[in-house]
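The chain contents come next:
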Amino acid sequence: MMVINNVIQKYFQKTTSVAPLAVFRICFGLLMLASIVRFWSKGWIEQLYIKPLYFFPFYGFEFIKPLGEYTYLLFIICGTSALLVAFGWFYRIAIVSLFLSFTYIELLDKSTYLNHYYFVSLVCFLLIFLPAHVYFSVDAYKNRKILAQHIPQWNIDALKLMLGILYFYAGLAKINSDWLVHALPLKIWLPARNDIPIIGFLFNLSWIPFVFSWFGCLYDLCIPFLLSYSRTRLFAYFAVVVFHVLTALLFPIGVFPHVMIVVALIFFSSDFHQKIIDKVSTWVKFPLEFIRPSAFKTYFPSSYVKGVFAVFFMIQLLFPFRYLLYSDELFWTEEGYRFSWRVMLLEKAGYVQFTVKDKDGKQMIINNNAFLTTLQEKMMSTQPDMILQYAHILRDYYAKNGFDSPEIYVDSYVALNGRMGKPLISPTTNLAKETESFYHKSWILPLNENIKGF
Amino acid sequence: MKVFNWKNTYFLYFLTSLLWACGGSGEVNNPPTPTDEGKNRTIILTHLADNIIIPAYANFKGKFDIMKSKSDAFASQPSISSLGEFRTAWSEAYIEWQKVELFDFGPAEKQTLHSFYNIYPASEKGINDNITNPNANLEVPASNAQQGFPALDYLINGVGKTDTEILVYYTTAADATQRIAYLKRLTSRMELLLGKVTTDWNGAYRETFITKTSLDIGGSTSLMVNGLVLHYERYIRSGKFGIPSGAMMNGVVSAEKVEAFYKKDLSQILAKSAHQAYVDFFNGKAIKTGTEGPSLKTYLNALGAKDSSTGKSLTDLLNAQFDVNKARIDGLKLNLYEEVKTNNQAMKDVYTEMQKATRMLKVDMTSAMSITITYTDNDGD
Numbered sequence: 001m002m003v004i005n006n007v008i009q010k011y012f013q014k015t016t017s018v019a020p021l022a023v024f025r026i027c028f029g030l031l032m033l034a035s036i037v038r039f040w041s042k043g044w045i046e047q048l049y050i051k052p053l054y055f056f057p058f059y060g061f062e063f064i065k066p067l068g069e070y071t072y073l074l075f076i077i078c079g080t081s082a083l084l085v086a087f088g089w090f091y092r093i094a095i096v097s098l099f100l101s102f103t104y105i106e107l108l109d110k111s112t113y114l115n116h117y118y119f120v121s122l123v124c125f126l127l128i129f130l131p132a133h134v135y136f137s138v139d140a141y142k143n144r145k146i147l148a149q150h151i152p153q154w155n156i157d158a159l160k161l162m163l164g165i166l167y168f169y170a171g172l173a174k175i176n177s178d179w180l181v182h183a184l185p186l187k188i189w190l191p192a193r194n195d196i197p198i199i200g201f202l203f204n205l206s207w208i209p210f211v212f213s214w215f216g217c218l219y220d221l222c223i224p225f226l227l228s229y230s231r232t233r234l235f236a237y238f239a240v241v242v243f244h245v246l247t248a249l250l251f252p253i254g255v256f257p258h259v260m261i262v263v264a265l266i267f268f269s270s271d272f273h274q275k276i277i278d279k280v281s282t283w284v285k286f287p288l289e290f291i292r293p294s295a296f297k298t299y300f301p302s303s304y305v306k307g308v309f310a311v312f313f314m315i316q317l318l319f320p321f322r323y324l325l326y327s328d329e330l331f332w333t334e335e336g337y338r339f340s341w342r343v344m345l346l347e348k349a350g351y352v353q354f355t356v357k358d359k360d361g362k363q364m365i366i367n368n369n370a371f372l373t374t375l376q377e378k379m380m381s382t383q384p385d386m387i388l389q390y391a392h393i394l395r396d397y398y399a400k401n402g403f404d405s406p407e408i409y410v411d412s413y414v415a416l417n418g419r420m421g422k423p424l425i426s427p428t429t430n431l432a433k434e435t436e437s438f439y440h441k442s443w444i445l446p447l448n449e450n451i452k453g454f
Numbered sequence: 001m002k003v004f005n006w007k008n009t010y011f012l013y014f015l016t017s018l019l020w021a022c023g024g025s026g027e028v029n030n031p032p033t034p035t036d037e038g039k040n041r042t043i044i045l046t047h048l049a050d051n052i053i054i055p056a057y058a059n060f061k062g063k064f065d066i067m068k069s070k071s072d073a074f075a076s077q078p079s080i081s082s083l084g085e086f087r088t089a090w091s092e093a094y095i096e097w098q099k100v101e102l103f104d105f106g107p108a109e110k111q112t113l114h115s116f117y118n119i120y121p122a123s124e125k126g127i128n129d130n131i132t133n134p135n136a137n138l139e140v141p142a143s144n145a146q147q148g149f150p151a152l153d154y155l156i157n158g159v160g161k162t163d164t165e166i167l168v169y170y171t172t173a174a175d176a177t178q179r180i181a182y183l184k185r186l187t188s189r190m191e192l193l194l195g196k197v198t199t200d201w202n203g204a205y206r207e208t209f210i211t212k213t214s215l216d217i218g219g220s221t222s223l224m225v226n227g228l229v230l231h232y233e234r235y236i237r238s239g240k241f242g243i244p245s246g247a248m249m250n251g252v253v254s255a256e257k258v259e260a261f262y263k264k265d266l267s268q269i270l271a272k273s274a275h276q277a278y279v280d281f282f283n284g285k286a287i288k289t290g291t292e293g294p295s296l297k298t299y300l301n302a303l304g305a306k307d308s309s310t311g312k313s314l315t316d317l318l319n320a321q322f323d324v325n326k327a328r329i330d331g332l333k334l335n336l337y338e339e340v341k342t343n344n345q346a347m348k349d350v351y352t353e354m355q356k357a358t359r360m361l362k363v364d365m366t367s368a369m370s371i372t373i374t375y376t377d378n379d380g381d
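So the sequences go chain by chain: Y and G. Numbering (the numbering used here) for the first sequence: 1 to 454. Numbering (the numbering used here) for the second sequence: 1 to 381.
A hint or two may mislead.
Computed list of chain G residues with no C-beta within reach of chain Y, every gap over 10 Å [claimed, not checked]:
#1 N51
#2 A204
#3 Y262
Computed footprint of chain Y on chain G; a stretch qualifies when at least three of its residues, placed anywhere within it, have a C-beta under 8 Å from a C-beta of chain Y [what the hints assert, rightly or not]:
#4 209-218
#5 307-313
#6 361-372
If you are wondering where the hints come from, they were derived from the structure by calculation, not from laboratory data. Glycine included, every Cβ here is placed at the ideal spot set by N, Cα and C.
Sequences and hints are given; from them, build the entire structure.
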């Protein structure tokens, strides 16, 4: 016990160069700025956050309200914060503002949920507490008192751990019978790409989805470790690039591949990052005293940070396993599915038709497009919690529009990973009366099939 | 060291899976069409374009041209016999139209051919207004129900109780000349639109269609599947059965919303033709030879789409459902208006069965093909 304590104490006393964190800060900030600009230029702000008439907030976050035209302002704040973070200018304020604005956007509508947005939010959260501005930043340039070259080793390791969790858990999630035994959903997705140049023909071969599935799973599980060891690092990083370029080529997953390619640089040695900084410094002619100050200093974050991180990582390690508390098939009910690094595991399509009725015998079939955008409808039609939210939107709407305490019923037909479609929601349940909670939703009909694994 | 061993173990699993997967692939490769070709969308699209879509349009154009000339003959010399000939030609063209209406993608979508050809019920008021106003704009959506086959239906079957009455409408009545002019205007407009569509198909679009094989939004496979699913859902299921029977309109029965309402005894034949054309297209049945070729069916088979619990292929299930639907339609009277009035349950039953096929097309088929449905529903509108 003493020995372990000793080891832990020793570890927390270890310090290292701040260079990797500074480079990380710059890359991350610029990448965020780029993705905000990309998002804006594609017209997605309008399309996803202004145009919809209704939104799907997350349970417990209903106070996050759409901002209408002010959403643009939110994106400006987000983009500006990202730029300030990159420069390390008013860093603390900027990173807090980046975290809040980005997370706000992310929480606006479940239909746009993406694991990598969640990842970005978490990294922002960690960066709030990390001294990423004490070196090679405007803040440190202006206030040489905070300038330092060393920080505790665990400051860098926290980011590595976060990345490691993402990969490893994504790998664990792939250890399931659909992915490994049936190569689903890749068996469905890859042939759809058989017309891309040069490698397209491969996707017609029936064993290729298996290779991709197994390789993808192994890749996710191993890559944090391979990146951690200096002897395998270069090879591992090469794999990161190839893997993510390939996924970018095959699937419409936006900036995610680029985020991962850049973020994985954190695993490289401090020498590597110092070289980058030195290169940039000679270009822009920074004074040597700023880059290699004569007074050697180590910056120690406040002592509470360790506690915050301990709790944070405890949650991160446990939260993805919350699905175990639900009895039914995770892929079918999606109870405990989000925020768990389950990436690209589902090919799901659904067709849902809602009926509103009241006591007087009034009855009507709903045209979903009168309420939802195409994306919202697509997402809603396969996810029970969104079906419930939508049912409540309908209930409230029809209560005001001529129905006396309206009842909402849904006729659903959902196909999961190549299985034939079947009803997802009990058609006899009045969803107007059901409420959202963390308990199992008894009105989700069972898949009657067991997808084995994590 | 530990990590190294662990890696090795996984690598073994990996190799095993690879070998096993290769071994397994033998079964998949057995069907007559090699997997490669079965999944080659260019081959499928080429067959569909060259052996179905283009010849189907040619057939329709043939029938349409006859109708146009009979219409012109009637216009220049209205008589009981020229009216009869026009009417017969109209019926035949309308039936043939059912075999191309489903191609609501590419050129037809660009011209919104369907909307200008077959929106029913026809707007009697709109038609009569247009007759008095020869400059009425026929290119806006609001004019959809004032032209095309349904408007012609009204004009040659619905403007009088007897043929003599109809003839009077075009000869001695006050507005007779304007009415003749409107008839000509309608058929000319249809001819113009059809000309644009067939020119595209016989020209550059064919190449675009067979080369833009992408399943992304905008690729021709995706456009085609979206168009086809929409057609089945909205125009075969809802338009021909769901809406008139009230199955979709929350019980509001609207017998007058059947297709070819004025002709009365044609609606069932139209529905039958449309459904058969749809099934044949799904199965890749060539128009001229009647033999099946590369199609959605062969593609889905090559992908191995099946019900995993029973092992039945999706295409068998779909075709079985199509057979059920076909039998249901065959069991109906020629006059669907009558059917709604006297035996509406039979109409609703068709809708219910078609709903099953719609789900399979819209969810199971698109999911198996990895295609996103991008069109928007307007059920119940």
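Structure-based check of each hint:
no., hint, verdict
1, N51, "holds (21 Å)"
2, A204, "holds (20 Å)"
3, Y262, "holds (29 Å)"
4, 209-218, "holds (count 4)"
5, 307-313, "holds (count 3)"
6, 361-372, "holds (count 10)"
Checked against the numbered hints given earlier, the structure satisfies every one of them.
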